[in-house]
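Peer 1: So you can see what is in the structure, the chains are spelled out below.
Number of protein chains: 2
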Amino acid sequence: MSVTDETQVAETQGAETQGAQPAPAPVVSFGTDPGRYRHWRLSVDGPVATLTLDVAEDGGLADGYELKMNSYDLGVDIELYDAVQRLRFEHPRVRAVVMTSGKERMFCAGANIRMLAQATHAWKVNFCKFTNETRNGIEDASAHSGQAYIAALNGTAAGGGYELALACDEIVLVDDGSSAVALPEVPLLGVLPGTGGLTRLVDKRGVRRDLADVFATTAEGIRGEKAVAWRLADETAKARDFAAVIERRARAAVGRSARTADDGAAGVRLTPLRRDTELAADRDAEGDVTRYDHLRIERDPAAGTATIVITGPAGPPGSVAALHAEGAAAWPLAAVRELDDAILTLRANEGGLGTWLLKTEGDLAAMAATAGFLAANRDDWLVNEIIQYWKRTVRRLDATSRSLFALIEPGSCWAGPLLEVALAADRQYMLDGQFEDAPVPAGPARLRLDEFSLGLLPTSSGATRLAVRFCGNEADLRAAQKAAGESLDAAGAARLGLVTQAPDDLDWEDELRLVIEERASFSPDALTGMEANLRFAGPETADTKIFGRLSAWQNWIFQRPNAAGPQGALRRYGTGQRADYDRRRV
Amino acid sequence: MSVTDETQVAETQGAETQGAQPAPAPVVSFGTDPGRYRHWRLSVDGPVATLTLDVAEDGGLADGYELKMNSYDLGVDIELYDAVQRLRFEHPRVRAVVMTSGKERMFCAGANIRMLAQATHAWKVNFCKFTNETRNGIEDASAHSGQAYIAALNGTAAGGGYELALACDEIVLVDDGSSAVALPEVPLLGVLPGTGGLTRLVDKRGVRRDLADVFATTAEGIRGEKAVAWRLADETAKARDFAAVIERRARAAVGRSARTADDGAAGVRLTPLRRDTELAADRDAEGDVTRYDHLRIERDPAAGTATIVITGPAGPPGSVAALHAEGAAAWPLAAVRELDDAILTLRANEGGLGTWLLKTEGDLAAMAATAGFLAANRDDWLVNEIIQYWKRTVRRLDATSRSLFALIEPGSCWAGPLLEVALAADRQYMLDGQFEDAPVPAGPARLRLDEFSLGLLPTSSGATRLAVRFCGNEADLRAAQKAAGESLDAAGAARLGLVTQAPDDLDWEDELRLVIEERASFSPDALTGMEANLRFAGPETADTKIFGRLSAWQNWIFQRPNAAGPQGALRRYGTGQRADYDRRRV
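Going down the list, the protein sequences come from chains Z and X.
The opening residue of the first sequence carries number 204 in this note's numbering; numbering runs sequentially from there.
The opening residue of the second sequence carries number 204 in this note's numbering; numbering runs sequentially from there.
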């Protein structure tokens, strides 16, 4: 992870205009590897990996704060995300991951408060979103990759530190008379635990809600047997027994693991992504373009759009063995890594591009064959990891606060995981027919539903995007499902309700220009709220609650003077002055 | 409904301190009756009632706006709430309710924008909460009282006007070439539809989410057959056929109704509540006390508390016939009406009282016998209505942004619906033993679980409060359920996890003083967010989404400069100036 010098790209980002001046947000890159980690150590011993948090105090992503007490900022979490990903792809034999601290008596103090105090509202919200996605990713590794996480709390876990533990399968707290688990956000900071803590307390760990209320208002936290009795931890252990208890639990987790890779399996190395940004010559008239191997981002700052174009595969891998051999260069893995990186960097750095236009280029049959290959070989550990990665990445789109329009044009390849990208969008526009003035006319655009849309890439509620789309409308859902395997033209896709509109060549350009202009004329906040509510129709899970409910409350609280105002708790924390609250309830 | 002159009571309410000065909020009373309605007409013709919205432009609850185009403010909605309640209690024969407009070509334009523009943040949030509860109450009448609602849209239904229609079972839209349904909040006002519209579109009506996106960004709305094709309405009818179509649908709804009252059933008149407020002599040292027949509110402005004391019944009604004869004077109905009124008036008028202490006084056996009587006779239409009213009222507590502590002391009667009041609280404190200095020692406090906690009063997620309390902890849930019918002392209740803490007489006062002081020292916003998240553990429904997710997003948006700032859309609406948005996404 590093702060790049792409400051030109990020000129739409800046300090808030409201209230005191927060520091300008740094431009963030999400690429890193264990050799460059400053805050985590990753070690692997047979089927058990250990992730050790040992934060470099001077390693903050921005100036103005020190990462004391193993507290974290986005940079620390980017390394954690990288490690969790690498464990899944590079370490097929690992079946249990122990997460612990390299510091004395402090597992992790949570998100750095000075960082939060100086951050813009948008930065705080985006930071919480990414940390939530990373913690959900830990649970996903446990559920779908057979890599169980054990939080070995060899010291106090407070705030986001305890929320990290809550994302693990098991929590062991050292019983040393002082180490505690705590969620001190409400009593000390006037905000909520920002990464799912309240939801996981009750929905995941079954902490009684009145005890959760006491716990989340007790700044010093709870330790020892009481933490176990209240279900805040699974076990406590004296310091002298601690290593043995963790080892026993790790061995048991290894024994229970459903991970399919055999002991001789070789991992796939996640090599650095190629990502080149070509700066526009005349930045008033045109936007920068970023190119990956299979994806490019075309920016139009005046229209407020980023066009994300994914190039499809040439064809499926020749065999599972060939896929393994190709590794990170294979399209199914390379393309999703690039899409993930594109989503993350645009989200973090380019808030002014409020509408994303999603496009694909390539051969539909080749994409369909690649999707079929992946679906047929899903029992292979690497194929499974690739599918799960697509699942998480399309879920990132679901949780992205940008308007998403899929543009389905001739020469595109909307099938398999790419079709789910289209279905994640708020609207789908499909050209009916061809572009009359195309230099080399491609056939009319077609799209194709397959197993990726029928169940391989469920949304975070567990329902498929098709089921969410046809929420409560079983006949339409079944009709769409029955069309799996067919290449549908615009008329067919429209008849099945798979696209929002299917203009022809005469109307296409005007129609799109109008909806893009219209979107840019709306309040971005209202759009964010509207999209979040419409995207998560149907059932709810802890995941959707974390994104839909908890985050919305936190966003609200982050805006309130009681937290973020000059006399608010976030701003006064550590100054020796107490927050001065407006005590009226809203 | 009237604005009272209890301004002293409401001195903690006032204008916001942030931004431009909103108008001070009026003090609100929730008592009204059809003879005093200014905005609705209620007529009953056999099994079909008609509710006609005909808003008096000059009848706003506060100064500074006119209620044009059948737009509404809280006052209009208080009348609607009253009418829905009276239909259930006073009109047992009614099985279908037609909701229509008394204006030409305008069903309802939604919440009044000038009212919203001048209101404080707290007022807007509380207004939306009440309107949401009223619309959920309409759906509850349909589901549990066999009174189906038919929205007869004889003109345009926009914003909150269409959301009112969405709360009905059926929507018929006149096909006159101009009348439309619309949710213009996002495009025109930079906020969300505030009363469940987005959730009901997708989760209730099954509108496809991309079409919902188009619809909710199309200011002028959608009319005619397209509204039906998109599932926004069930049917359109030409003006000449409109009355016949509505009549046909009303008759069909009557035929399907599960309402049990027979044709000769007499209703129970909801007589005005007695409510006297005794102003404190020295308002710095003591608080005002409000007395109803079975409930009193004791205020302590310095501590920031309102103590709500409910007096239990003397005993169960002698028979179902006796209950009918006693009508609104019968404890089961009188007490819940008073509790409902107390919750609503405290919420609307006294934001500075951030912690509510919930107490009961009375005979446990009498309360238990009353609860048993109600449970045994739930097939009677009136008993059913009383139970459903308790259900909705305890749900109001769940959605109340105040810290709720139940204090379980000697001489109390925590059984039946009252025990659910305790379980709705964030914490339960139960005295272990007796007060040593009590002039007349009562026996130790006891509480009693019964059918009211086992299923009669589910939360809005459908789960019981016990199930939410022991979320994911089946053994504890079963142990508590098995204790139904027992009178549990503090030790027994603590062992079963039904109380948070059970201090003895030595510690009671200090313990409570400390937790009350502690609560008052926290950010009220953070408490609101924390409580909302912990109270709604477990499953989700459209109702919980409306309160938990949609409201939280709306609260956030209501705080954003893009909506509420001087250049924001809410403030600029109707001025001829367009909102000036900060276009960065958060």
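By construction, these hints were calculated from the structure, which means they are not laboratory data.
Given the structure is predicted, the values throughout are model-derived calculations rather than measurements.
A portion of the hints provided could be inaccurate.
Identical copies look the same in the list; a pair holds intra-copy or inter-copy alike.
As the list claims (entries may be wrong) - As a list, the in silico EDC-like pairs of lysine to aspartate or glutamate whose alpha-carbon atoms are at most 20 Å apart:
hint	residue 1	residue 2
1	K429	D679
2	K594	D707
3	K441	D236
4	K306	E269
5	K271	D708
6	K271	E639
7	K407	E677
8	K407	D679
9	K407	D583
10	K441	D635
11	K594	E654
12	K429	E712
Peer 1: Work down the list of hints and note, for each, if the structure agrees.
Peer 2: Hints and how they fare:
In this homomeric assembly, K429 and D679 come within 20 Å of each other (Cα to Cα) only across copies, at 17 Å, whereas the closest approach inside a single copy is 52 Å. For the identical chains of this complex, K594 and D707 are neighbours neither inside a copy (32 Å) nor across copies (54 Å), given an alpha-carbon limit of 20 Å. Taking identical chains as interchangeable, the C-alpha atoms of K441 and D236 are never at most 20 Å apart, the minima being 34 Å within one chain and 67 Å between chains. In this homomeric assembly, K306 and E269 come within 20 Å of each other (Cα to Cα) only inside a single copy, at 15 Å, whereas the closest approach across copies is 64 Å.
Proximity of K271 and D708 under a CA criterion of 20 Å is satisfied in neither setting, with 59 Å inside one chain copy and 44 Å between copies. When the C-alpha separation of K271 and E639 is checked against a cutoff of 20 Å, the pair qualifies neither within a copy, at 62 Å, nor between copies, at 51 Å. When the C-alpha separation of K407 and E677 is checked against a cutoff of 20 Å, the pair qualifies only between copies, where the shortest distance is 13 Å, while the shortest distance within a copy is 31 Å. Taking CA atoms no more than 20 Å apart as the test, K407 paired with D679 passes between copies only; the shortest distance there is 16 Å, against 34 Å inside one copy.
In this homomeric assembly, K407 and D583 never come within 20 Å of each other (Cα to Cα): the closest approach is 30 Å inside a single copy and 40 Å across copies. Taking identical chains as interchangeable, the C-alpha atoms of K441 and D635 are never at most 20 Å apart, the minima being 69 Å within one chain and 34 Å between chains. Proximity of K594 to E654 under the C-alpha cut-off of 20 Å is restricted to the intra-copy arrangement: shortest distance 13 Å within a copy versus 44 Å between copies. Taking CA atoms no more than 20 Å apart as the test, K429 paired with E712 passes in neither setting, with 65 Å inside one copy and 24 Å between copies.
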